[in-house]
Amino acid sequence: MSAAIEPLVQQEAAPPKRPGTLARLLREPAAAFALVLVVLVIGAALLAPVLSPTDPFDNDLSLAMQVPGSPGLPLGADAQGRNMVTRVLYGLRVTLLMGLASVAIGGILGALVGFAAAYYRRIDGLLMRLMDVMLSFPAILFGLALAAIFGPGIQAVVLALSVATIPLMARIVRGSALAVMGLDYIEAARATGMSDARIILRHVAPNCLSSIFVFATLRFGQVILLGSALSFLGLGAQPPIAELGAMASDGRNFLFFAPHIAVIPCVAIFAVVLAFNVLGDALRDALDPRLRT
Amino acid sequence: MSEAPLLQADGIAKHYPVKKGLIIAREVGAVRAVDGVSFSLYRGETLALVGESGCGKSTTARLVMRLIEPSAGHVHFRGEDVTKVTGAKLRALRRRLQIVFQDPYASLNPRLTVADAIAEPMAVHNIGNAASRRARVEELLRLTGLRPFHANRYPHEFSGGQRQRIGIARALAVEPEVVVCDEPVSALDVSIQAQVVNLLRDLQQRLGLSYLFIAHDLAVVKHVADRVAVMYLGRIVEVAPKHALFSDPRHPYTRALLAAIPRPDPARRGGVRPLAGDLPSPLAIPPGCRFHTRCPHAQAVCREQDPPLREIAPGHTSACHFAEDLPRFDAEAGAGVPPVAARRLAAYAAARAARTAA
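Respectively, the protein sequence lines represent chains Y and G.
Under our numbering, the first residue of the first sequence is numbered 1, with each subsequent residue one higher.
Under our numbering, the first residue of the second sequence is numbered 1, with each subsequent residue one higher.
Among the hints, erroneous ones may be present.
[As the list claims (entries may be wrong)] According to the in silico footprint, chain Y covers these stretches of chain G (three or more CB under 8 Å from chain Y): (1) 4 to 18; (2) 96 to 108.
[Claimed, not checked] Here are a few chain Y residues that sit away from chain G, every Cβ distance over 12 Å (derived from the structure): (3) Val38; (4) Ile42; (5) Ser62; (6) Ala145; (7) Tyr185; (8) Met194; (9) Pro289.
What the hints contain is simulated information worked out from the structure, not anything from laboratory work.
Predicted model, so just to flag it, every value in this text is computed and none were measured.
For every residue, glycine included, the Cβ atom is placed at its ideal position computed from N, Cα and C.
Okay, chain G solo, but in the shape it has when bound:
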């Protein structure tokens, strides 16, 4: 990982002004949906972005794709500033950055056949002619586990998992380097999740893709990610390689997330103390450390000083004043792979084995 990052976000922020008054609108505040997020994505890796609802994961994805304009910060893709380019350069950039959406029912135009939906990005970028695009559509359908004769069907004739495959095929049509996966499996049944997650991993290996993988399901993250970035209230609070994050989390919020993974075993219940309080409003972000209102380890300094994201071990950064001093993470109570996740991981592994055997 000594090479330069493929995609680098640098303090990106998105603030939505809140206005009051019907005729003369005064700005009374701002929703700080994303508030200074920095991360790097390297070639061929999967960076997972996790966090609870409303923490700004999807907004970050859209900022990176420049589907919305950032209030501050920069995103560099291969040294080019995504937030500045316009016209033909932006179009060229869009070819290399693609997105897979969460809801497979809303992400396909119901009036376009599968072939039209997948071929359209190629037509927009003037790739090939009608015949070669048609051949590529069939190739992509095969690649994503569908059949060539599906090309003439409409989206409503497919199941959720199949639609998600179509969405992936559409994203891959222009041969992107980075694919932003915005919760690509959270709208699917667990059994279908395994298929789609494994498909994404196969494609990554075959095509050398880099994924920015947004998720809230830690079992899925554990399966696909190389590195994990944890977001809380518009900020990244911890970034670490997957194994380090799951075995030795160095931010109280990450620990709370890991501890909150449901455990069906009644004997192991009760050891988890859920976080007190609610997620503060992004309209009124607490001063100091934004997690201090819910943090079991909060001290006076946390209420006053905003802890920067600092490196505590090679490749492991945490935004906690006491990252090094946190008590040992109790693997029994919260870490380790909880049985439900273990079973799902086993299911993923079994599906993978079956795929490679087939």
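Isolated chain Y (complex conformation):
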């Protein structure tokens, strides 16, 4: 026992070099692939006007429903004879903007509500019942109402999807923030005399990141699909604007004669959602110091 209570034996080794967040992210092949894909997708969307061979509204009925691989049409043409490459590039723009904007806006507002509810228990009941009220409106119904007020368009869709994301994010953030709030390091922070904002930003929020990331990436996929549904109902992107969900719904009329019109935008949606999900997962792990080796 006397050996066990000797002062700690400490080696004078130099501190090991730690890999940065990006290096750890790239160490996993799936994450590296997802990162490349996300960068490519965002790049393609931003550079759509440069990359596109034609104007997105340029139609040539003589080329209608040309199959992929036809001369000058690597992805074929849609029912109006518009180049699918151009349509997908422009569609990505709208779809990504819609997904990212509504997850970002709804997620940030929802997280703020969640942190406030967890930190100030006095207003917890009020805030959460308010969230329950918001939760009781289906996103589609809310989108319909907004479209009726502001007229259909991307803005109405983004607004509806943001609002529909707020209560979900608020509940998830509140749950994980409450678990963190019960830990001693929050009490230690309060004993230091820190401001509430500093405690939330430095001590509560970083420890809720993992559930926020998981939910945000999951929600991103859902939002794109919901946005497509709204477009399908004629509330979102209005023809002739290209949007992946709207393109897929247009293509369903020709599923038996020209399946590529519906399949190509669906594959694009699938790839985008998958890439963001894998990246989100990997980013969550890379940002957690406990998982560093």
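For this one, chain Y is given, so just place chain G on it according to the hints.
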């Protein structure tokens, strides 16, 4: 000890209302977690607060730190009422009162490096600049027996004992005068306990700290405390200098606590009669003396009159009607240092000797 106390608690209480009913909540009672606790802490001393689980030790600590608001009573720190101050004054006060927690795994933010965790209190109080804070972090790490290169590591890379040292370094970063130690060693292995307890004592001597030391382990208390306050069911029942308390306890509950220290020697077993019954619920505190339901010396008056905490010898107070009339405390059966504690004390002493020799 003729000087004014550094920290003085005056009848502090914390009652948690218990409500029933989903829509219209009626108050049906209150959990009296802390129910009128008074004590004084003098400069440079260690006051140990002992008692079984649920007696309100930790709640008292949090009331003193004003991490929770008291239902009644006052806490004075250098004449300033801790329970009243707000804003900048409260912040200034927080700099002088710090806390070390029980669970070293929950008391450090897993996302902050050790350097960030220790430097943050200084940043909050605008002490120094980034470079001087960095230097102070290294100084504190050295002071608490860690190495400067540990600064860039994360808490999960340390053992429990090392984490507790980090927690102590964080508490000391703002140069407090009083450190509340909320069972700082009870989550650690016995061998590590000795290291941390000795570290706390060294720091006290070097920095002139005062400790409010909360514990349930009497061996540790015997080693670190100057004075001991025994709590039962939200009240202090006896306060005495350490030696007086261990050799001549004047409250039946203190005697029961001392007698309950486990003894591995089979020959000395059987002499201890454990307390009958359970700790009463803090929802329904018994009338009269709150210990009468379990007290072997209880008489009629104990069921009716709540005994006040009164001085029975200089510096020795007890809340028992019969404090003076209790039979002589049998040192063989319960007092004295039990062998297990004696061995641990010897281990502490050996570790101290090794430290000072090194």
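Tested hints:
no.	hint	in the structure
1	4 to 18	violated (count 0)
2	96 to 108	holds (count 9)
3	Val38	24 Å, holds
4	Ile42	28 Å, holds
5	Ser62	61 Å, holds
6	Ala145	31 Å, holds
7	Tyr185	5 Å, violated
8	Met194	5 Å, violated
9	Pro289	4 Å, violated
The structure is inconsistent with the numbered hints 1, 7, 8 and 9, although it conforms to all the rest.
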